[in-house]
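*Asks:* Here is how the chains run, residue by residue.
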Amino acid sequence: MWCARLIGDLVFCIELTGRHCCSLPRPLSDPMVKPATDRIMIKFVLMVNRQGQTRLSRYYHSVELSRRAALEADVVRYCLSRKKDQCSFVEYKDFKLVYRQYAALYIVVGITDSENELSIYELVHNFVEVLDKYFSRVSELDIMFNLDRVHIILDEMIQNGHIVETNKSRILAPLTTIDKMVDS
Amino acid sequence: MALKIVKGSIDRMFDKNLQDLVRGIRNHKEDEAKYISTCIDEIKQELKQDNIAVKANAVCKLTYLQMLGYDVSWAAFNIVEVMSSSKFTYKRIGYLAASQCFHENTDVIMLTTNQIRKDLSSPNQYDTGVALTGLSCFVTPDLARDLANDIMTLMSHTKPYIRKKAVLIMYKVFLKYPESLRPAFPRLKEKLEDPDPGVQSAAVNVICELARRNPKNYLSLAPLFFKLMTSSTNNWVLIKIIKLFGALTPLEPRLGKKLIEPLTNLIHSTSAMSLLYECVNTVIAVLISLSSGMPNHSASIQLCVQKLRILIEDSDQNLKYLGLLAMSKILKTHPKSVQSHKDLILQCLDDKDESIRLRALDLLYGMVSKKNLMEIVKKLMIHVDKAEGTTYRDELLTKIIDICSQSNYQYITNFEWYISILVELTRLEGTRHGHLIASQMLDVAIRVKAIRVFAVAQMATLLDNAHLLTGNMQRNGICEVLYAAAWICGEFSEHLENPVQTLEAMLRPKVATLPGHIQAVYVQNAAKLFATILKNQEGNTDSTAAQETSQMMIDRLPLFVQSANLEVQERASCILQLVKYIQKLQQKDVEVAEEVSALFAGELNPVAPKAQKKVPVPEGLDLDAWINEPPSESESEDEQPKAIFTKEEPKHSRPRHTEVDEKELARRREARKQEQANNPFYIKASPSSQKVYQEAPGVEHIPVVQIDLSVPLKVPATTPSHPTGLPMSDQYVKLEEERRQKERAEKKKKEKKKRKEKRSGRGKKHDSGPESEEDITPAHVVDIVTEEMPENALPSDDDDKDPNDPHKALDIDLDNLLETTARRPLADSEKLPVRSHRAAGAPKSSAEDGEAENATPQEPKKKSSKEKRDKKKDKERDRKRSKEEKKKKKHKHEEKEEDLLGGQAEEPVVQSEEMKEVEAQPTSTSAEVSDLDFWLSNAPVPSNTQEAATVAEAAPAPEAPAGTAADSEPEEPKDTETEESKSSKHKKKKQKKEKEEKEKKKKKKHHHHHHHSDGGGEESVQNGTVEEEEPLPPMSNYCLLAENSYIKMVCDIQGNLQDGSQVVVSVIFENKSDSFLKSMEFNVLDSLNSKLQRPEGSGPHDGLTVPFQLPPGVSNEARFVFTVQSIVMPQKLKGTLTFIVKNEDSSTHEKLDFKLHFTCTSYLITTPCYSDAFAKLLESGDLKSSSVRLEGVNMPFHHLLARICFHHHFSVVERIDSCASMYSRSIQGHHVCLLVKTSGQTVSIDAKCDEPTLLGNVLDEIKQTFSQC
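Taken in order, these protein sequences are the chains called A and B.
Under this note's numbering, think of the first position of the first sequence as 1, with each following residue one higher.
Under this note's numbering, think of the first position of the second sequence as 10001, with each following residue one higher.
Worth flagging that the hints you see were computed from the coordinates, not collected in a lab.
A portion of the hints provided could be inaccurate.
What the hints assert, rightly or not - Quick look at which bits of chain A chain B covers, simulated, 3 or more residues with Cβ under 8 Å:
#: 1; region: 109 to 120
#: 2; region: 147 to 161
Stated by the list, open to error - Computed from the model, here is a short list of chain A residues facing chain B with C-beta under 8 Å:
#: 3; residue: Leu65
#: 4; residue: Ala69
#: 5; residue: Asp85
#: 6; residue: Phe89
#: 7; residue: Glu140
#: 8; residue: Met144
#: 9; residue: Val164
#: 10; residue: Arg170
Backbone N, C-alpha and C fix where the C-beta goes; we use that ideal spot for every residue, glycine too.
Please work from the sequences and hints to get the whole structure.
*Replies:* Below, the structure is given as structure tokens:
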């Protein structure tokens, strides 16, 4: 079928006899313009040790199991390769990683671009403080052997990828009640 | 039975638990996979057992394995089994596993609906909690639909723990099931004012998220959020709210204006960096959205930039990074303010952290000017050499090109320099950006005519040294550059010094190893070169040389004819035949050069990429008309999809071109020309379709600065050792400097002449100051192609919205819902599905109840409120009864079914109540909605006593006045009632209740209005008192600190809201002299009570460096934080400011002593207070009273109040005629209450405070304020 639009191009050809070059597409002149990110939230929380073993992972958006391993390996590689004097925010693909190191344990949080990096940075510390309070001087082993409890704490603090609670005693209240229930 | 349990637990002893598994994995490092597979087998065995404890243990282990990356989806059903265990410990394990393993496509989720519902309504709050948490991870659209109502009910649960979780999960439900938003929204909004801070923050979270996606629907909530922002002390919540405002301001500029002040206050006062960062970010966003022209804009920007500077200067890398990030946002709109911190940003380029360097690079983009471009690029080039990682180097490369090429090479004054930079960049090994460099070379060579000679020479050298460039061929992206080099040499071959040599270089056998598309260009351009050479040689009448060239072509081309690349092959064979024919003619001594060069004749003109759109359609051509009749049968099919996509924007259609008549076009063209003529960088008329083949006039006449050919035209680039020792581009930097000096000298001469002619006293600012931008003329001219859009191209808004965005569905007009039920009440279909009775034998009564409930929303709501009230109460009684019944039932039987029935019996009642709420809510909020305008307009806000009248008077907005007030009056009681009836805490007797209600009504009124007056922080408090037209005299809290001939210091002291022991002193330094003031150091002699906060590591007597320098006549503000212990007494601190005065030839140390006066007022913080809270405070009897009389105060009462508010940080609680109550709070939490009365010229102030000394001092200070005026 002859589409009339084609003729438009013909018109163009007729108009531009003689040789021409189209000016080259300019490099994107504004590096600051970034595509609007779709959602503001925490994408995942990871705890990994220096050997790159995952000690805790929590995803707030669904990631296929097969892609998780690759993602975690990538994330770990990025964060472990950074020195202490480098800043704790890493741009990774279309989101950001905020990480903090505690002894041999790294806590990495993936966030979208528009989330406040510093507040997440503080949240991580808050989380560790809560763990510290609950386990009284938390160690990697505590986290490994009490994964479910760590999960409860994390769930009290972050839900749906949003920060829910930051008050230490309020975070621990349900957990202590649960512990009492289990004991009795 | 007992035996079985015992047996089960014995079994368990032999099973591995999670700890064993973890240990086991650690002990089997070598054969981990094998060990885990045996474990999984064990787990499979365990899952087959009946014992739920064993199953739970197995599931627990599976959760761990899942985390390690093993697929456990096969156990999904077992997980559901464990979830449905009645024991909480197991249930928890089940839910945890589910939340980790389930996703939307897990099919067993369907089975969980009833289980989750049961858990949600469990009497144990932790059962409910764990179900909610789990649900938030795996909620599907089906689950959301089925459970929305249950979750909504939980939003009003008695336990804040549950309310909080329910509110949060509603967000997920909205996403999955958008229909639930409208019915649930009123309740969600209610939660914003929940007594529990956790619930409140959850509601803020959810609404912020919703609103950020579809801000316009939530604009009406702005006043509420504003109130939260000014009252909340939770930084996390504040961050959310501030973020939300960032999203709202683009829609409502007035909101932005209102925000600036509280935000800047927060910036000043907060000690939390995250909050500060967020505030700065939002202020930037607000300022971007506001049209410029607000007077204090620059101050706010200045403040932000200053704060960011402090962040960047911080030793904490994180702050540095964020500072730079935020700075880049400012750069977009206020490049000037950022440019002043160039030094700092350039410094960051040397940072050891790559991410920081990258951020700094982003900023560089805006830092460059004509003056410093070369210098900056030089610096970057050094970095390129030093950079170790390829990614960073590539980033540098693109940045260099970005910076140089931005806005049509605006900042490049010397293109020879740029070409040599590009050539130098080709030395980079293993860069991916060869094509980028190539395209720049082409672009510059084509568009800057004057540079072609130079460019061609450089490119010829490049071609000659191609072997160096492409050392390891294919993997090297840099060989793309050869593409450009070959093309430029071919196209502009007339400028070549030694064309034969270049031709030879282009036909070397090694070329055949280049990528195909580059070879093709080589071959084609070899032909062009050949044509040029022929032309030259024939002119010389040297036939042998010409024949030699032909022979060379014939010898070398067959190599390319054999190429595997089709394009190369085709071009080569074509050209080979052509050359052979030419050779034949040459042997016959026929002159062929003319004809051969005709093959490539013609000037090449740049055309804008969008030029085609500008080509007008010839008259009579209808592009949308069918040439052939379309096939008839497809017609009907074609029609339908169109109907679905009615919203689709019409494509910018050509026919509009035809509408524009010839005259109009001509006029536009004229206008454009005019505009271009005024543009200093626009030289050539755009090659619009009509003119394309005319020779571009003008280019030849442009005065092009003669290039000093002292620079060798050889490219040393490809050889590592430079003959001159300097890299090529550096020489240009020098040269350019000289050129500019020359120019400047010429200019000065001219100016002197002018001055001689004029002799009038108007001194020019230019000549003493540094060279301004415009003074530097570019050495070459860019042939700019205007990139106009066709006139009718509409910027489409939908482009940036992802059609798959789940939030799109949530774009629901909630205002409608809130405003009037009449406009768009909740339709039946919109109600959340109440659990339908799948089980047979649903009780009839509940069904009837359901019907009745359905009818309520349609009922005309003209019933008197009294009737409603009665009905409500009945209902409530019913509800209580049913609850009790339910409890009884529960005690009797514990079977599932009974439980279910109980739940059903109760629910409809709840539901009907909900519907009523929905009904009642709108009316009360309607006032609020239309109040938005009112709230936003800076019109005076009436105080409650004179409301209706003043509203009508004061509000200029046509919609806002009397109607609103009148409207809201009768409806309010209902509102209070619903709230009351809902809160189950009120278990008082009926009579008491009624009394209370009346009281509450009253209070509510106050509340309602204070809502406005308190919302605006200081500003609106002022407003609250300004009722008459009389404007307030301008006031400032800054008082003179010290002054000498060099500098003047004024200061303002304010308490820090966040920290009870901190006072922030803002000092404005103003340079009064003609010299430059630098190295300012601010020091204060600490007293026992008050200390200046110094950075860690500095001694108690060290001064603080003021973080800026002051050029003549400039003032700037710095902030100093003091810690104070006791705040009941005013005190003075002695201090000194030392600084260096720098003149052109000398610099001297100077100092200035000052006395910092901490008044008691400065410890007070404006805190809004509701009249009921105020009344309670006064009644409590904890406060000591005191009073003071002011005589001879000759000012209107509202001025008096405004002064107290402004100077002494009070807020008006209530004002009745000539009497007002005011409130303030100290940073350490002392309440200060004032009752101000006036009669004639006497003002009496009765005051109460829990700290008599503080009160006495404050009153003294107030007295002093008024004695001064």
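*Asks:* Out of the numbered hints, which ones does the structure contradict?
*Replies:* The structure conflicts with hint 7 only, although it agrees with all the remaining ones.
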